[in-house]
Amino acid sequence: GQQLNQSPQSMFIQEGEDVSMNCTSSSIFNTWLWYKQDPGEGPVLLIALYKAGELTSNGRLTAQFGITRKDSFLNISASIPSDVGIYFCAGRNYGQNFVFGPGTRLSVLP
Amino acid sequence: DGGITQSPKYLFRKEGQNVTLSCEQNLNHDAMYWYRQDPGQGLRLIYYSQIVNDFQKGDIAEGYSVSREKKESFPLTVTSAQKNPTAFYLCASSPFGGQINSNQPQHFGDGTRLSIL
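Those protein sequence lines, which keep their order, are chains D and L. The opening residue of the first sequence carries number 1 in the numbering used here; numbering runs sequentially from there. The opening residue of the second sequence carries number 1001 in the numbering used here; numbering runs sequentially from there.
Because the hints were derived from the structure by calculation, they are not lab data. For glycine and all other residues, C-beta sits at the position ideal for the given N, C-alpha and C. The reader is advised that the hints may include incorrect statements.
The calculated lysine to aspartate or glutamate pairs, modelled on EDC-like cross-linking and capped at a C-alpha distance of 16 Å, are [as the list claims (entries may be wrong)]:
| hint | chain 1 | residue 1 | chain 2 | residue 2 |
| --- | --- | --- | --- | --- |
| 1 | L | 1009 | D | 38 |
| 2 | L | 1009 | L | 1110 |
| 3 | D | 51 | D | 71 |
| 4 | L | 1070 | L | 1024 |
| 5 | L | 1070 | L | 1110 |
| 6 | L | 1009 | D | 41 |
Not the full set, but computed from the structure, chain D residues with beta-carbon under 8 Å of chain L [unchecked claim]:
| hint | residue |
| --- | --- |
| 7 | 85 |
| 8 | 88 |
| 9 | 98 |
Build the full structure now, drawing on both the sequences and the hints.
As structure tokens, then:
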């Protein structure tokens, strides 16, 4: 089945720094989702995007639905230790199941 | 509290043994899903069900079976035919079963980690 590409695979940042990550697909999507997963737990939904060009925020998190409909971006401002985890993107087009990216692993150094 | 409950948290399987993973939701969601998660990979869809008494194979259904006798429950059986069952299994649900018209996000349980003895 189709999978998405996420970049970077992992990143180490200092507390207080801003974080950017992205997700790309070879197909167009009509919905993009961003999840965060802590070790040993299930993914938790952060942001849902439904329209090309849409920019949506959730606290310090901001995500964008790429204008080409083949990509999405997630930014985290002023990172804190609890931001540590794996961030997954997921996308789908009409009539299809969601497909998930392999995740970006974020580590925050104090 | 409403949510998705998976049990057990950890499960061990012997060679040749079938094991069943439980997934219960009290969110009144129509659709339920089972995913397999391996290190460094995205979630892969095993089976999904849009309505009671109906389910469809996902991308990696071989060696697995499911049932959907109740709206709240969607158990997954890992059969002896699944030769590489060691993984983290995630159950999810979403409000509407219609794939065409619904873009409702899926909500996940906390997973079951299955290992081979």
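Hint check results:
no. : hint                : result
1   : 1009(L) <-> 38(D)   : 15 Å, holds
2   : 1009(L) <-> 1110(L) : 8 Å, holds
3   : 51(D) <-> 71(D)     : 12 Å, holds
4   : 1070(L) <-> 1024(L) : 10 Å, holds
5   : 1070(L) <-> 1110(L) : 21 Å, violated
6   : 1009(L) <-> 41(D)   : 10 Å, holds
7   : 85                  : 14 Å, violated
8   : 88                  : 7 Å, holds
9   : 98                  : 7 Å, holds
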